[in-house]
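Peer 1: Top to bottom, those sequences are chains A and B. All residue numbers for the first sequence refer to my numbering, where the first residue is 1 and numbers rise by one. All residue numbers for the second sequence refer to my numbering, where the first residue is 1 and numbers rise by one.
The hints are simulated quantities; they were obtained by calculation from the structure and are not laboratory data. Yeah, the Cβ is synthetic: ideal placement off N, Cα and C, and Gly gets one too. Some clues are possibly wrong.
Said to hold, decoys possible - Facing chain B, a subset of chain A residues (Cβ under 10 angstroms, in silico): (1) Arg10; (2) Asp43; (3) Asp47; (4) Glu49; (5) Arg51; (6) Glu70; (7) Ser74; (8) Met76.
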Amino acid sequence: MKKALTISIRSTLFTIEEDAYNRLDAYLKDITAHFSKTEGSEDVVSDIETRIAEKLLETKEQVISLPSVETIISVMGNVDQFEETKTENTSAKTSRTKKLYRNPSDALIGGVASGIAAYIGQDVLFVRLGFVILTFLSGFGVLLYVTLWILTPEAKTQAQKLEMAGEPVTLETISTAVKEQIRKAEHIDTKKAESAVRSFIQSASKSIGPVARITIAIVLILIGVSLIGGAFAALTLIASISAGFPLLGSYILGMGTILLSIIIPGVCIFLAGIGIIRKKPAFSASFGIAMLTMWAIAICVTLVMAARFAGGYIFNPDVHQFQNNQIPQMRVIQIRHW
Amino acid sequence: MPKNILDTEDAKARMRKGMLEFCTLLSISKDKAYASDILTQLKRADLLVVEGTLYPLLTRLRTEGLLTYDWQESPSGPPRKYYSLTDDGKDKLEHLKETWKSLVESITTLL
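Sequences are here, hints too, so could you generate the full structure?
Peer 2: Right, here's the structure in full:
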């Protein structure tokens, strides 16, 4: 006895056995992922689906079985055979791409850290620790995390997960990855039954999960609020100090951009905190990108202002002499190096 | 497999690849054709290893403006895309035909 499903391919209904469905689904996902970067990808995928639907009709099977699906796939071919030539180097070229994704299957918040861990081939613990340490540097870690969260796509399909790990994306590797997941799941199940201690740890960590989530959210909100508050406090302070002086245009612009470059991350961190509590993003990706752009502009303007301000020191004789002494020394190092 | 055999296979595959676009255009030139018709012709000419190769090619030729399609109901199964050549496609095919003829001539003298 086998479980069977009803599926619709290009609005034609089919009844298909579960194993046959899994095979076909993996195949189509592989194709979709492969053509996702090329122009007119929807056409290619829908044309291939149409062809598969026709072939499934031709089998005249009441319930589509795995052997029929295998036959159709072997006629259609794997994506690496689509490249019109079957040389070794072309397959190597397509397989060794590694991409940065967010990893939803090992995520504490958004899967950014475990995505990076997969990308650089390090344990996720170190990456998470890195973020925590960076967070203590005036919230930079949080800002970095949120930015990466917005910019990196989530690894949704099995093919993307393989790309994330830098493994060649072929149907074989996908099926081994799926099997590995199933094996892991079964492994955990039996262990759970065997050991009460393990199940206790698991349930404990489950209840720690929400607590950690809320704690992180509150920390984010506090950082956000204090950044915004601090910015406004600085503004009032500067305003009161410079009350007696004539205000220059560039001076006001400089102050404004410094404040913007603090307030924008503040707002984003605050909203990220809210989003974690609500379990859905508090702002859209386009808002995030707009904020990031504004922030980048503010930073640039601040740097230009700072450079102008420091401009007076560049022609300081001490600095001049220092540069003159340095240059010949650098040349020697370069010659040795080459 | 020894390297020289692999190289030969590679050279053969490249030759087929070069022919594939030409033959696809040819198979559409006589009459409107849908994917299955094209595939039958290409397979008869032993130009295709797997059917999937055709679909990216058709999409590319369409985005290049060489061919166009219209939908037609099928007696069984999903509606079919019937492809036909655009004027640009016809022009390109004429050029390719000329090139092919001169190639055949020059290669025949070499053989």
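Peer 1: Does each hint fit the structure? Answer for all of them.
Peer 2: Structure-based check of all given hints:
1. Arg10: Result: holds, 4 angstroms to nearest chain B Cβ.
2. Asp43: Status holds, d = 5 angstroms.
3. Asp47: holds (5 angstroms)
4. Glu49: This hint holds: Glu49 of chain A lies near chain B, its Cβ roughly 8 angstroms from the closest one there, short of 10 angstroms.
5. Arg51: holds (6 angstroms)
6. Glu70: The hint is violated - Glu70 of chain A has no Cβ within 10 angstroms of chain B, the shortest such distance being about 14 angstroms.
7. Ser74: holds (8 angstroms)
8. Met76: Constraint on Met76 of chain A satisfied, holds at 5 angstroms.
The structure fails hint 6 only (numbered hints given earlier).
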